[in-house]
Amino acid sequence: MGSSPLSIRFDDAVLERLRRRASARDATASGWAQRLVDEGLRQQEFVGIVFRDGPSGRRAGLMGGPDVWEVVSAVRGSDQRGDAAIVAAARDLDLSVARVQTAVAYYGAHAEEIDAEIVENEIAADEALRAWRAQQQLLS
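If you want our numbering, it's the 1-based position in the sequence shown plus 1.
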């Protein structure tokens, strides 16, 4: 994906906050501004989606709820298909059907990003299980 320059005027206080936040993340101000604008546009397109920091970096989640990758994993893990899978995931996650649909819609537009987060989580879970088994073997 290419990029194009855009000159934007920021209030001095906003620019200073942007620079501080970027510096705290070892990022450039323009790179951090790019990310915030992209996330803001996504939040406008998918109402109810927020972005949060975590061990694996910034990720999309439902406001006051789980990460999108967790919702998608629940839908995929359901024995049901189609709308029934959404209803089952909503029940299992104690979410409204509308919130699960929001996560599924976000996935539809950003599948590669969410699939990568699912793979990262599976790898982390496998590593944690191996470590736990090694500890249990040592203690037995």
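No lab work stands behind these hints: they were computed from the structure. Predicted model only: the values in this text are computed from it and were never measured. Among the hints, erroneous ones may be present.
Between beta-carbon pairs, the in silico distance windows are [said to hold, decoys possible]:
#	residue 1	residue 2	range
1	Q136	A106	24 to 32 angstroms
2	I9	Q81	32 to 40 angstroms
3	R59	E123	13 to 21 angstroms
4	Q45	S4	19 to 27 angstroms
Ideal Cβ placement from N, Cα and C applies to all residues, glycine included.
Evaluation of the provided hints:
The supplied range of 24 to 32 angstroms is broken by Q136 and A106, whose beta-carbon atoms lie about 41 angstroms from each other. A hinted range of 32 to 40 angstroms is violated for the C-beta pair I9 and Q81, which are about 47 angstroms apart. Taking the beta carbon of each, R59 and E123 are about 19 angstroms apart, inside 13 to 21 angstroms as hinted. A hinted range of 19 to 27 angstroms for the beta carbons of Q45 and S4 is consistent with their spacing of about 21 angstroms.
The earlier numbered hints that this structure contradicts are 1, 2.
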